[in-house]
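Residue numbers (this note's numbering), protein chains in the order written: chain A, 1 to 427; chain B, 1 to 544; chain C, 1 to 240.
Because the hints were derived from the structure by calculation, they are not lab data. Be aware that one or more of the hints could be misleading.
Pairwise CB distance ranges (calculated) [claimed, not checked]:
hint, chain 1, residue 1, chain 2, residue 2, range
1, B, ARG450, A, ASP229, 37 to 45 Å
2, B, SER160, A, ASN88, 39 to 47 Å
3, A, LYS74, C, GLU80, 23 to 31 Å
4, C, LEU126, A, PRO317, 40 to 48 Å
5, C, LEU85, A, PRO345, 44 to 52 Å
6, B, THR523, A, LYS74, 48 to 56 Å
Here are some chain C residues pointing at chain A (derived, C-beta under 8 Å) [to be verified]:
hint, residue
7, HIS108
8, ALA109
9, ILE111
10, PHE137
11, ARG140
12, LEU144
13, VAL147
14, ASN148
15, ALA154
16, ARG155
17, PRO238
18, PRO239
The model shown is predicted, which means the values in this text are computed figures rather than measured ones. Every residue gets a Cβ at the ideal spot worked out from N, C-alpha and C, and that includes glycine.
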Amino acid sequence: MAETTAVSEEFLRQLAAVGEVDIVVGVPTFNNRETIERVASAIQVGLTKYFHRDRCVLINPDGGSTDGTPELFKSASVSDFGMLLTANPLRTFHRLTAPYHGIPGKETALRSLFTAADLLRAKACAIFPPDSPSLTPEWVEGILRPVYREGYDYVSPVYQRRKFDGLLVRALVSPAIAALYGARIREPVGGELGLSGRLAAHFLRQDVWEREMPTFGLEIWMVATAIVDSFRLCESFLGPKIQATKQFGQDLGGTVRQVVGGLFQCMDMHAGYWKAREGSQPLPLFGFQYAVALEPLRLSRRGILDAFRSHVEQLVPILESILTPQTLVELRQVAQLAGNDFRYPDELWVKTIYEFAAGYHRSAISRDHMLQALPPLYRGWLGSFILENQKADLGKIEERLETIAHEFERLKPYLTDRWDTETGGAR
Amino acid sequence: MAEETSWYKDAVIYELSVRGFYDADGDGGGEFRGLTLKLDYLAELGVNALWLLPFYPSPLRDDGYDISDYTNIHPAYGTLDDFKMFLDEAHRRGLRVITELVLNHTSEQHPWFLEARSSRQNPRRDWYVWSDTTDRYKRARIIFSDTELSNWAWDPVSESYYWHRFFSHQPDLNYDNPAVREAMWEVMRFWLEMGVDGMRLDAVPYLVERESTSCENLPETHDVLKSLRARADRSFPGKLLLAEANQWPRDVAAYFGAGDECQMAFHFPLMPRMFMAVRLEDRKPIVEILQSTPAIPDSCQWGLFLRNHDELTLEMVTDEERDYLRDEFARERRALLNLGIRRRLAPLMEGDRRRIELMNGLLLSLPGTPILYYGDEIGMGDNIYLGDRNGVRTPMQWNGGWNAGFSAADPERLYAPVISNPVYGYQAINVDSQRRYSHSLLSWMKQAIRIRQSTRVFGRGSMEVLDPLNHRVFAFLRELGEEKILVVSNLASQAQAAELDLRRWKGSVPIEMSGGSLFPPITERPYLLTLGPYQFYWFNLRRL
Amino acid sequence: MKELVLGSLDQTLGRFHDMLLGFLPHLLATLIVVAFGWGIAMLLKIIARRLMALRHVRKLSEGSGISLLLRKADLPPPHELLGRLVFWVVWISFLLLGLDSLGIPELHAQIIRLFLFLPQIFVALLVLFVGLLAANFFSRAALLAAVNANLPSARVVSGFVRFILILLTFAMALEQLALARRTVLITFTISFGAIMLGLAIAFGIAGRNVAQRVLERLFTSAEPKKEEGEKEKVEEIPPL
């Protein structure tokens, strides 16, 4: 059972005053002075516009900001939006701040949000990042409607992406989840997410909250848990996503550690589930899909290749204890390819990931070290992918990513095989 | 200000229809002799003023608001002598009487209109508003949008159009004509001289028309009213003028003038918001409308009501609010009429006794003079299958016997069938049965009115809305001199806890007014109150 | 002569026989003690493991961070580690006890010395064990950090870290055995240097991002400008 230690007494008093609600929206913050007002207003406008009859509360779990974020959150006013509003909210609109101490982390924030949703018997709960520059009131509807009106339990966003944007998710996390859990979820770590009250309560009852769980890993854990425990998932198209300038894990190492680490951890937890599963299904998609022209990323690949070659050679002693001899040999061969010939084959990529996952499972070396050994390989794969698709259009990229996803599914027996092998690695 | 001339501030007004109250002569409809027989009941209820719906000679195409003779009694209701007798008997019991004065229009059967339409040269022609085209006053809205297409109606006799803001059989009088103003003063004088204590001025915003305006709330209209008030004050001090202006508070407040126009006006926007607040379980609508209500002159008073003889009008709400109220309170679409909902209080509250009490509790404690509608004190139902607003005007249910004890006539002869369904029918809901036990709605109403009448704070005190974090709890403080009353209401269907900031009244002891129980004294700390579903408290804050 | 020889031989054999007869029970006792000791050690190991595996003990070790520390150092989990330690300590003690029961006086004296020396040996072994593991762990951490920071000579850095740590470990182990008192001064010098390095590594791990940026700036400033621009652009691709 979840303990209520995630909720301070003062917060509880506020919750008691808010009483039963239909919708809980959370914006976890930590020093987000610059963006919080805009985000809070956009959400309030969205709620007013699309859910003006419903009882809503906007909660801001704050990890001890020192720049006055909670105050700005509370004072953010929608009066400037008055002209844009077609509807005047019928009800009192509550905004609560729930400060918590300790390490600012999503898990504490989410835990207090879910506790609030559970205590307030909310039917729907949504979470928005505090720094998303592309958040519009329409996103609020996009995230909440499938849960609140259509009876889904988990809504994951779908964005329009730039060409080489977010490839760690698109070419690793998402296809891995599809292959393992059978649900083709495109943005498992999107940032925005919606969930039903009963799913929030279900999450609260799990025993992950006392454990160490990386921030993005938590989102993957939620997706995976929702799938494993047979909740209804869907996706909602929100539009183009612009990355916040300073986001968690903008540096690759940290991101890989959190995202891929979270994925591996879930694979470890749910091995019984994914081993017994075959094939994958797309999720129901809500929202009107439109496209706008996005400024493409300007890239250069030179430098990557040299770095990759030397990195692989230097990491051999570590890779030896993670990868099978054959994979390692292939990897070293690939790394030796020069210039335009350089290709990181899909099969090798998927095998690399799967062997890392299996290595993580049996703790071949320190799990943290293992996750640190992955970014250089990801960079190499990225370089290869960019090289290969420099002239490709968005559709072509999608096709390529689909091939990779297929590869993940095709090689799943290989993973199962590696998983159950006690002694792995070349050593 | 003399107490005697501001009696309306301490009043609890009871609105009734003479036709629907009691039929003493067995002709199927009530009359003044019948009403006189039931005055003891009204005195016992505790009200101290009666507002009578129109009882003048009329073709009765708009429930008497289409008057064909201003200074007489409709033969079905008796004679002028019957009326005088009723007036005396009412006064003897301390009940004041307010009658209707329909200023804006007459019936098309009124001799004035008959003369005016007879020819374009008739000297009374100018008593009404005529036009050869329908192009004038284009900006005026159509009020009875369900029945009328235009504010102009064709008169085939004089072959021109006449102006009407309501039904086409109710031509508007022309207040630009001094003779009309004089004639209406004569009408007022007739009744005030007879002893009537006040007049409800029907449809006042529409008296005067001007091109390129909405033809509502015009300064000229206010001038007409001010002159009537001045003349009334001169000849009959202490008589009440009560304005019916279904407008936003800012516009209605204009009808108080500087205390030189009407003494009272109905607070139309508050009423639907009270319903909305209870439905939403959120005090926001009430608090917002109270905040946007301007201060009014000392001698003036708001008239508060929950339901009346009209539909629950939804003109003074926003589109979303209206949609919400219609969705929530008129699930049966038949209940809709014009912009509003034609239902009585009890069916609107789904027969929930706790909600009915809460609504009445708010009505009796908010700043203003409460106006009860006949039958609502026993929780009477309605009949939405009768046309127009007749469904809320059915005979009063006195007992479980023949015709609900209303009339000895054959049921077929009644002006309207009595309510006879198993939930709200007269066998279940009637005065006699509710008199017999102490926890009936009627008994509760008597007690609530008695408490309200026990102090003048409710009628005259200042109002301060408190702001507990729990939006389901509506709390306010009424204060008059040393006397302070704290009202705390739970608008929700579940039990609620609220922490009130009462530090300013530290040291006072709340005494619950219905039972006299002492509550813990107020300290520096937030005052914690728990309230059951739809429960409310009236506390007398006593400094010991 | 022959008799003398035979007599002497007989005497010798007799003495040997006597000695053997006298020694055999000792040997038997030794074997019994050793075998018994092995059994006791096994039993104690199992008990220690069971005790450590108890839920709240495990929770305690998880909570205190011991488990995490061991995991990070790539050591077996605490219950396993303790079990093994208990086993070896007990068994070696019995082994020595057994040897002692052979009844050889010289051996007895040595064993007494050994017994007195035993704790130091164990500590030294432990130091060696932990030290080697730590060297392994930190050299790998250094390698990864260097690679991820795009340092050109990651292997060298990692090897250097390993070397220093092993050196330190051996110095500490010897110090523990008090075999080379004179090396204390040297050891101290080395350990001081090693601690500074350890701190540097700790900084590198804890503040890796900061360090990375600092290093990157240091590193790239030495590179031609053109390279820097291109690298920056590639880094721009958001992974999420």
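These are the hints, each one checked on the structure:
1. B/ARG450 / A/ASP229: 37 to 45 Å: For A/ASP229 against B/ARG450, whose Cβ atoms are near 60 Å apart, the range 37 to 45 Å is violated.
2. B/SER160 / A/ASN88: 39 to 47 Å: About 44 Å separates the Cβ atoms of B/SER160 and A/ASN88, which means 39 to 47 Å holds.
3. A/LYS74 / C/GLU80: 23 to 31 Å: 52 Å, violated
4. C/LEU126 / A/PRO317: 40 to 48 Å: 26 Å, violated
5. C/LEU85 / A/PRO345: 44 to 52 Å: 48 Å, holds
6. B/THR523 / A/LYS74: 48 to 56 Å: Between B/THR523 and A/LYS74, where Cβ atoms are some 28 Å apart, the hint is violated.
7. HIS108: 45 Å, violated
8. ALA109: The hint is violated - C/ALA109 has no Cβ within 8 Å of chain A, the shortest such distance being about 45 Å.
9. ILE111: 40 Å, violated
10. PHE137: 7 Å, holds
11. ARG140: 6 Å, holds
12. LEU144: Interface hint status for C/LEU144: holds (4 Å vs cutoff 8 Å).
13. VAL147: 5 Å, holds
14. ASN148: It holds, given that the least Cβ distance between C/ASN148 and chain A is near 5 Å, below 8 Å.
15. ALA154: 5 Å, holds
16. ARG155: 5 Å, holds
17. PRO238: Hint on C/PRO238: holds, closest Cβ of chain A at ~5 Å, below 8 Å.
18. PRO239: This interface hint holds because 4 Å falls under the 8 Å limit.
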